[in-house]
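Here the protein sequences come in this chain order: A and B.
Read in my numbering, the first sequence has 97 at position 97, and its numbers run on one by one without any break.
Read in my numbering, the second sequence has 78 at position 78, and its numbers run on one by one without any break.
Bear in mind the hints are in silico, worked out from the structure with no lab data behind them.
Ideal Cβ positions, reconstructed from N, Cα and C, are used throughout, including at glycine.
Check the hints yourself; a few may be wrong.
Claimed, not checked - Facing chain B, from chain A, some residues (calculated, C-beta under 7 angstroms): (1) 31; (2) 105; (3) 109.
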Amino acid sequence: EAQVTQNPRYLITVTGKKLTVTCSQNMNHEYMSWYRQDPGLGLRQIYYSMNVEVTDKGDVPEGYKVSRKEKRNFPLILESPSPNQTSLYFCASRRVAGGLGSGTQYFGPGTRLTVL
Amino acid sequence: AQKVTQAQTEISVVEKEDVTLDCVYETRDTTYYLFWYKQPPSGELVFLIRRNSFDEQNEISGRYSWNFQKSTSSFNFTITASQVVDSAVYFCALARSNYKLTFGKGTLLTVNP
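So here's chain B without its partners, still in its complex pose:
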């Protein structure tokens, strides 16, 4: 069975602080994909990144960076110099060969001015 754990239910930071959202996953599959989605207060789900199980390179996109470590089954997401517009619920998810997405319960990030 697959499982995605986002241990941080809520995080509150002040603007310009760096913040890391943790994601730990469980799967027996050797081929799988990991995702991060953002859900702003307006409610839609916005795709942020996909990473496959064979690619452990870290990725940076502007203020966002992702650290995938297979040895610890973790796929953490860091926002550098956070902004108020980053306030949202962030979901980590795992997809296996049947395309089903298993989501974590989400982390509510609040960035205060």
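Next comes chain A alone, as it looks inside the complex:
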């Protein structure tokens, strides 16, 4: 089954304790992206990657890191989490080959993060 998976689905942590949220897709998609969803703000892009070893900042990258060492994985790293990073996080992927009209962005199930 084609899917984007995220782990963990729920995480409660404390300020300053480094954490990683994993994202994996099995569709051989080139493009992957992270979003955060906050009440009243919709979804905002954190980072994206057009392919392996190619990453770039989205709209709200402060406090986050990403890496893209393999095509299928795109982990989100919070080196020193703070309470304002409490949010619902979504990973997404889509194909790039064929151009913008060739595919749709598919989302993982979401990770609900609480930083105390």
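Chain B: place on chain A using the hints.
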């Protein structure tokens, strides 16, 4: 810069009513794509439709229909004969050439029995 505006924050209807969710977008690109996603109470994001900037045909899928009007930069979504299972947050989004999705803030639709 791109912007997607969903002016309706919340809508409440009674089952079997028709409801239209509004979406207005801004972009300077000539090629772009518009999307609607549904987020039910369980939290996942479900893709509903994609429409490109060159195709202004309306689309109907069962009880769902979409009206894309380039002249007014709008991409409205209508649910006919709403059902309780339609209760969700609905997001309109815009994608441009760098594949980035810009989302509206969403409309919470509540369908009451």
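Evaluation of the provided hints:
1. 31: holds, 5 angstroms
2. 105: holds, 6 angstroms
3. 109: holds, 5 angstroms
Going through the hint list in order, the structure satisfies each hint without exception.
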